[in-house]
Amino acid sequence: MSNTQKFSLSMRLFHWAMAALIISMLAAGLLMVRSLEPWQLTILTVHKAFGVVAAVLVIARLVNRFFHQIPALPNDLSNLQKFVAQAAHWLLYLLLFAMPISGYLMQYFAARPADVFGWFRLPAALNVDIQTYALFRELHGWLALALVALVALHIAAALHHHFIRKDNVLKSML
Amino acid sequence: MKKRYLALLLTPIAGVAAQQLSEQAPKVTAQQFVNLQQGETAHPGFRRAHAKGICVTGEFRSNGKLVEYSEASLFETGAIPFTGRFSVAGNNPTAPDLKAPVRSFALSFATSSTEQWRIAMNTPPVMAVKDPHTFYQQIQAIQAGSEAIQAFFAEHPETSEFLNWKAQYQPSGSFAAEIYNSINAFYLVNSAGEKQAVRWAMQPSVAVSADNLEGVDALHEEITHRVAKENVVFDWVFTLANDEDDENNPTQAWPDSRKQIIAGQVVITAVTPQLEGECHGINYDPLVLPTGIEATRDPILRARSAAYAESYRRRAKEALMGELEEPGNE
Ligand code: HEM
Ligand code: HEM
Numbered sequence: 354m355s356n357t358q359k360f361s362l363s364m365r366l367f368h369w370a371m372a373a374l375i376i377s378m379l380a381a382g383l384l385m386v387r388s389l390e391p392w393q394l395t396i397l398t399v400h401k402a403f404g405v406v407a408a409v410l411v412i413a414r415l416v417n418r419f420f421h422q423i424p425a426l427p428n429d430l431s432n433l434q435k436f437v438a439q440a441a442h443w444l445l446y447l448l449l450f451a452m453p454i455s456g457y458l459m460q461y462f463a464a465r466p467a468d469v470f471g472w473f474r475l476p477a478a479l480n481v482d483i484q485t486y487a488l489f490r491e492l493h494g495w496l497a498l499a500l501v502a503l504v505a506l507h508i509a510a511a512l513h514h515h516f517i518r519k520d521n522v523l524k525s526m527l
Numbered sequence: 023m024k025k026r027y028l029a030l031l032l033t034p035i036a037g038v039a040a041q042q043l044s045e046q047a048p049k050v051t052a053q054q055f056v057n058l059q060q061g062e063t064a065h066p067g068f069r070r071a072h073a074k075g076i077c078v079t080g081e082f083r084s085n086g087k088l089v090e091y092s093e094a095s096l097f098e099t100g101a102i103p104f105t106g107r108f109s110v111a112g113n114n115p116t117a118p119d120l121k122a123p124v125r126s127f128a129l130s131f132a133t134s135s136t137e138q139w140r141i142a143m144n145t146p147p148v149m150a151v152k153d154p155h156t157f158y159q160q161i162q163a164i165q166a167g168s169e170a171i172q173a174f175f176a177e178h179p180e181t182s183e184f185l186n187w188k189a190q191y192q193p194s195g196s197f198a199a200e201i202y203n204s205i206n207a208f209y210l211v212n213s214a215g216e217k218q219a220v221r222w223a224m225q226p227s228v229a230v231s232a233d234n235l236e237g238v239d240a241l242h243e244e245i246t247h248r249v250a251k252e253n254v255v256f257d258w259v260f261t262l263a264n265d266e267d268d269e270n271n272p273t274q275a276w277p278d279s280r281k282q283i284i285a286g287q288v289v290i291t292a293v294t295p296q297l298e299g300e301c302h303g304i305n306y307d308p309l310v311l312p313t314g315i316e317a318t319r320d321p322i323l324r325a326r327s328a329a330y331a332e333s334y335r336r337r338a339k340e341a342l343m344g345e346l347e348e349p350g351n352e
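Just so you know, the protein sequences line up as chains A and B, in that order. Each residue of the first sequence is one higher than the last, beginning at 354 in our numbering. Each residue of the second sequence is one higher than the last, beginning at 23 in our numbering.
Source of the hints: derived by calculation from the structure; they are not laboratory data. Note that CB positions come from ideal geometry on N, CA and C, so glycine has one too. Heads up, some of the hints might be wrong.
[Said to hold, decoys possible] List of simulated lysine-lysine pairs, DSSO-like, C-alpha gap at most 27 angstroms:
1) Lys217/B with Lys401/A
2) Lys152/B with Lys49/B
3) Lys401/A with Lys121/B
4) Lys519/A with Lys435/A
5) Lys152/B with Lys121/B
6) Lys217/B with Lys152/B
7) Lys401/A with Lys339/B
8) Lys401/A with Lys519/A
9) Lys281/B with Lys217/B
[Claimed, not checked] Part of the chain B face toward chain A, derived, beta carbon under 10 angstroms:
10) Val50
11) Thr51
12) Thr105
13) Asp153
14) Lys217
15) Glu298
16) Glu300
17) Val310
18) Thr313
19) Ile315
20) Ala317
[Said to hold, decoys possible] Far from chain A, some chain B residues (derived; all Cβ distances over 12 angstroms):
21) Ala64
22) Ala101
23) Ser130
24) Glu177
25) Pro179
26) Leu185
27) Gln190
28) Gly195
29) His247
30) Ala250
31) Leu262
32) Gln274
33) Leu309
34) Ser327
35) Glu347
36) Pro349
Use the sequences and the hints to build the structure in full.
Printed below as a string of structure tokens:
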């Protein structure tokens, strides 16, 4: 039996707002590191600013989650399946943190202050540390690929629940 | 009737093909561009372009004349230190100095934790071409040899100003005696939000003949000896565009009659080999700008950030992995 509970409205809003944001961030990131077109600088600037928004949102989202009841997973899932589902969710949260943090630290050690919507600039080191930059630059790239894979898996699982298992999992987030 | 439909169907394809054949060079990515620059064998840990160079430090002594045009704190009266780099164009960190067609000067001002300005300048006052994709073809033609490059210039009339400069350019005997140009234009933005398109040049204060120079590292040795004896000074000269000038076209210089302002002097007081100095770790991406300076839409300028980042990523990773090898001079 699957239960009928839904995620709270605030949790659903956080979920879909961040889904749109993260997918746009991934697409923008992958495009801008390749492009030589005049819009590259614009996308790069926007990427950094919205990356800060993503960091704030993921913190707010976790705080909000703390105050809300989470719908239980369907009873017909095995313990292993439940464990994998939960592990995947915590891994998603971990990556949602690691992406903006590695992005920021890469800019910090390359001594590049990032402009956030013209409101303020994120501080950077005065002097470059090229090796530490390299570490966070490579991390940002690899974690991004891991996030793409995990998001794909997440979407596939949601569709599997909805169309194959025909349970309530996807609906609980709608 | 059938034929007409067929023709209609083919129109878009023909259109695309015609466009490809006429003006537009095929699009390349930052990775393709840097692959072309680095050549067959990369030199691990070194820049994929302007690989051979030397770190310099000193200060910019501002006279305050640009304060009304730009909010950048650098332009307030006073002195501010920089980490700079002289280099020669090319991907080889041991190339002979005197064979390089272009000499360069880069500057990094770390004004505060939120304000940085990176500048990378070359000896020509203009680019040969207007966009990165055509520039890619130009480099391919250079690599293919003199016939290919002649043909390239013949097909690209926008290269004429560059070629005129090249025909009269006499390389000097010192990094200290060259004129270095921003080539691309930028906007100065003042506290009222008013924008003024500018280009700038570093004007040398010495003239040095190239007659007695020799050796693979001639320019590097010369500048090291010179700075040990005396400071090297440049005037930082800004040229202000007016309405007739196109700030997005790097192939055309602005007329001599345009207003010029000397913002102060760039004074070099010390020289360090690049692998021992601070400059080696810096990405002199000209789109790292302080408040008060903004980028134009010049397609060459806008292409630089992604390409510099790709080169920087490669050499930074090599540095992290311990792959950087100090090349000996054979
Ligand atoms: C949710 C947050 C973020 C996501 C999903 C994300 C995603 C990405 C992706 C997919 C790339 C391309 C990586 C590659 O191809 O190697 C990228 C590049 C980049 N990201 Fe992020 N990013 C995020 C946050 C940030 C933040 C907060 C900053 C800085 C303040 C930042 C700065 C950068 C920079 C500078 C690059 C380009 C690096 C280069 O050109 O070498 N990112 N990002
Ligand atoms: C589409 C056009 C251009 C591309 C793709 C390009 C590409 C590059 C690359 C990949 C580097 C190495 C960056 C690093 O690893 O730190 C570099 C360095 C440099 N470029 Fe360009 N460049 C372009 C146009 C220009 C122009 C117009 C100028 C001069 C006004 C210029 C001046 C320099 C200088 C001086 C350096 C060396 C900076 C240093 O000492 O580190 N480049 N360029």
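Status of the hints after comparison with the structure:
This hinted pair checks out: Lys217/B and Lys401/A have alpha carbons roughly 24 angstroms apart, not beyond 27 angstroms. Proximity of Lys152/B to Lys49/B is assessed by CA-CA distance (about 14 angstroms); at most 27 angstroms being required, the pair is judged to hold. With a C-alpha separation of about 41 angstroms, the suggested pair Lys401/A and Lys121/B falls outside the 27 angstroms cut-off, and the hint is violated. As the CA atoms of Lys519/A and Lys435/A are separated by approximately 17 angstroms, the hinted pair is consistent with the 27 angstroms bound.
The suggested pairing of Lys152/B with Lys121/B holds, with an alpha-carbon distance near 25 angstroms, which does not exceed 27 angstroms. Between Lys217/B and Lys152/B the alpha-carbon distance is near 23 angstroms, which keeps this suggested pair within the 27 angstroms criterion. Only pairs whose Cα atoms come within 27 angstroms are accepted, and Lys401/A paired with Lys339/B is accepted, the gap being roughly 22 angstroms. Straight-line distance between C-alpha atoms of Lys401/A and Lys519/A comes to about 40 angstroms, which puts the hinted pair past the 27 angstroms bound.
For a cut-off of 27 angstroms, the pair hint linking Lys281/B to Lys217/B stands: about 15 angstroms separates their Cα positions. At a threshold of 10 angstroms, the smallest CB-CB gap from Val50/B to chain A is about 7 angstroms, leaving the interface hint in force. Hint on Thr51/B holds. Least Cβ distance to chain A is approximately 4 angstroms, under the 10 angstroms limit. Taking 10 angstroms as the C-beta contact cut-off toward chain A, the hint placing Thr105/B at the interface holds, the least distance being around 8 angstroms.
Hint on Asp153/B holds. Least Cβ distance to chain A is approximately 8 angstroms, under the 10 angstroms limit. Of the supplied interface hints, the one on Lys217/B is violated, with its beta-carbon coming no nearer than about 15 angstroms to a beta-carbon of chain A, more than 10 angstroms. Evaluation of the Glu298/B hint against chain A yields a violated restraint, the C-beta minimum of about 14 angstroms exceeding 10 angstroms. Interface hint status for Glu300/B: upheld, as the beta-carbon distance to the closest one in chain A is roughly 6 angstroms, under 10 angstroms.
Taken as an interface hint, Val310/B checks out: its beta carbon lies about 6 angstroms from the nearest beta carbon of chain A, inside 10 angstroms. Look at Thr313/B: its Cβ gets to within about 8 angstroms of chain A, closer than 10 angstroms, so that hint holds up. The restraint placing Ile315/B at the interface with chain A is violated, with a minimum CB-CB distance near 12 angstroms, outside the 10 angstroms limit. Interface hint at Ala317/B: satisfied, since its Cβ lies 6 angstroms from the closest Cβ of chain A, which is below the 10 angstroms cut-off.
The beta carbon of Ala64/B is kept farther than 12 angstroms from every beta carbon of chain A, the shortest such distance being approximately 16 angstroms. Non-interface status of Ala101/B relative to chain A is upheld: no Cβ of that chain comes within 12 angstroms, the nearest being about 17 angstroms off. Listed as outside the interface, Ser130/B is inconsistent with that label: its C-beta sits roughly 8 angstroms from the nearest C-beta of chain A, within the 12 angstroms cut-off. Even its closest Cβ contact with chain A, about 21 angstroms, leaves Glu177/B beyond 12 angstroms, as expected for a residue assigned away from the interface.
Non-interface status of Pro179/B relative to chain A is upheld: no Cβ of that chain comes within 12 angstroms, the nearest being about 22 angstroms off. With 12 angstroms as the threshold on Cβ separation, the claim that Leu185/B sits away from chain A holds: the shortest Cβ distance comes to roughly 24 angstroms. The claim that Gln190/B lies off the interface holds: its Cβ sits roughly 31 angstroms from the closest Cβ of chain A, which is beyond the 12 angstroms cut-off. The claim that Gly195/B is not at the interface with chain A holds, since no C-beta of that chain comes within 12 angstroms of its own (minimum 32 angstroms).
Non-interface status of His247/B relative to chain A is upheld: no Cβ of that chain comes within 12 angstroms, the nearest being about 28 angstroms off. Against the 12 angstroms criterion, Ala250/B stays outside the reach of chain A, whose nearest CB is about 25 angstroms from its own CB. Look at Leu262/B: its CB is around 23 angstroms from the nearest CB on chain A, clear of 12 angstroms, so calling it non-interface holds up. Listed as a non-interface residue, Gln274/B keeps its Cβ farther than 12 angstroms from every Cβ of chain A; the least gap is roughly 18 angstroms.
The Cβ of Leu309/B does not lie farther than 12 angstroms from every Cβ of chain A; its closest approach is about 6 angstroms, which violates its non-interface assignment. Not every CB of chain A lies more than 12 angstroms from the CB of Ser327/B, the least distance being 6 angstroms, so the non-interface label is violated. Every CB of chain A lies more than 12 angstroms from the CB of Glu347/B, the least distance being 16 angstroms, so the non-interface label holds. Listed as a non-interface residue, Pro349/B keeps its Cβ farther than 12 angstroms from every Cβ of chain A; the least gap is roughly 18 angstroms.
Of the hints listed earlier, those the structure fails to meet are numbers 3, 8, 14, 15, 19, 23, 33 and 34, in rising order.
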